[in-house]
Amino acid sequence: MGKEQKPDETTSANTTFRSVVSNLLSGTKTYYFFVGILGIMVLAFIVAGLDAVRIGYKDAYGVTREVSWGLLISTYIFFVLISTGLCIVSSIGHVFGVKDLMPITKRAVFLSIVTIVVGFAVVLFEIENPFRMAIYNVISPNLTSNIWWDGTLFGAYLVFMMVEFISILMHKHKIATIAGLLGLISGIVAISNLGAIFAMLHGREYWYGPYLPIYFIASAMLSGCAAIIFFTWIGYKVNNEQMAPPMERAMEVVGKLCTLMITIIVFFTSWKLITGSVGGPAKVEAIKALLTGPFAFNFWFIEMGLGLFIPFILFLMSKWKNLNLIFIASVLMIFSTYFMRYDLVIVGQLVPSFYELHVTDYPGLLSYRPSIHEIIISIGGIALAGFTFLLGEKVFSGHKMEIH
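The opening residue of the sequence shown carries number -18 in this note's numbering; numbering runs sequentially from there.
To be clear, the hints were calculated from the coordinates, so they are not data collected in a lab. Mixed in with the good hints there might be a few duds.
Under the rule of at most 20 Å between Cα atoms (straight-line distance), these lysine to any residue pairs were calculated in the SDA-like manner [claimed, not checked]:
#, residue 1, residue 2
1, LYS253, ALA177
2, LYS381, MET83
3, LYS300, LYS381
4, LYS269, ILE291
5, LYS10, LYS218
Input sequences plus hints: build the corresponding full structure.
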């Protein structure tokens, strides 16, 4: 019996391989151009990261003893929030049975895996010895450390999302649903814990408090909605296909959810600033840096203008049916959320730690400027996400999803 099944298994494997190769060779010149450009950027990402390891992070990066978290940490947060947001949005359809969102599930799950892996790849070059960290994370866990929980929870989240995606490919939908639920739970706990890493730092008044663990969940949903709109629109262009009515309906529902999340984030941000303006001197100085200081342009023009207000108007103008307007809104949101993560990380460190004690070693705000290594690694991480997405569109034939 076993010998009789082997030819069928071999034939099936050969057929699958030929199908994948055929799909990869079906792209246009424009497709291969962007794959090539992104591939070169990924190579630059690897070279810059390895060179930073060679010369030492102290010399390669712009971080200092006072501002110890920089562009790579904000890029990591950018990707893991997108990943968790994609998981949350996809679970609404696949786990909780909202059929309007079922068409986006397969692509959203795939992208959630891609973005979390890219986040890990970026932060890999932030950690001095990531291999030793991985070993001691297992053999010597620190259960009281938020950072230990961050790595553990996101590791479990990645495993669950991979099981869900493989189960979807194999049409084992019961297993996929269970894995999706476990991925959702671990992802939400992980992203809230990531916020707690900042929120539990007593010495950083701008971050300290119960706000960030909750804000990170809401912000992840916003990022996930924008990401699935963006990548779905691009995906159909890559495959030169017209959206079917169920997919158009899914985009409409995601657009409405995105509009809701914009209003929630606006209120979150407003109350954060209002309550912070009557907080301790260090928090007030950080908020001044954001509202009227060196980060004012980032906050008012990019975060609030391009990231929230203009997309909100575009969604209303589109009535959630004009896909081109929805796509433009998603582009603006993804671009601006990167600055949201950057501003969150950097502004929280600009006020000297002993500011409230009137220590005059640093009479003004601290400064930080990303190095060329940090910039190349961060851009390379974005390129890695784009490169993997383009390959995935061909390998998985546009992520078609059967509705059950």
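20 Å limit on alpha-carbon distance, applied to hinted pair LYS300 and LYS381: Cα-Cα ~26 Å, so violated.
LYS269 paired with ILE291 [C-alpha distance capped at 20 Å]: Roughly 24 Å between the alpha carbons, so the hint for LYS269 and ILE291 is violated.
Proposed proximity, ALA177 with LYS253 (alpha carbon, max 20 Å): Distance ~16 Å between LYS253 and ALA177 Cα, so the pair holds.
Hint consistency between LYS10 and LYS218 [alpha-carbon to alpha-carbon, up to 20 Å]: 13 Å, holds
Hint consistency between LYS381 and MET83 [alpha-carbon to alpha-carbon, up to 20 Å]: 10 Å, holds
In terms of the numbered hints stated before, the structure departs from hints 3 and 4, listed from lowest to highest.
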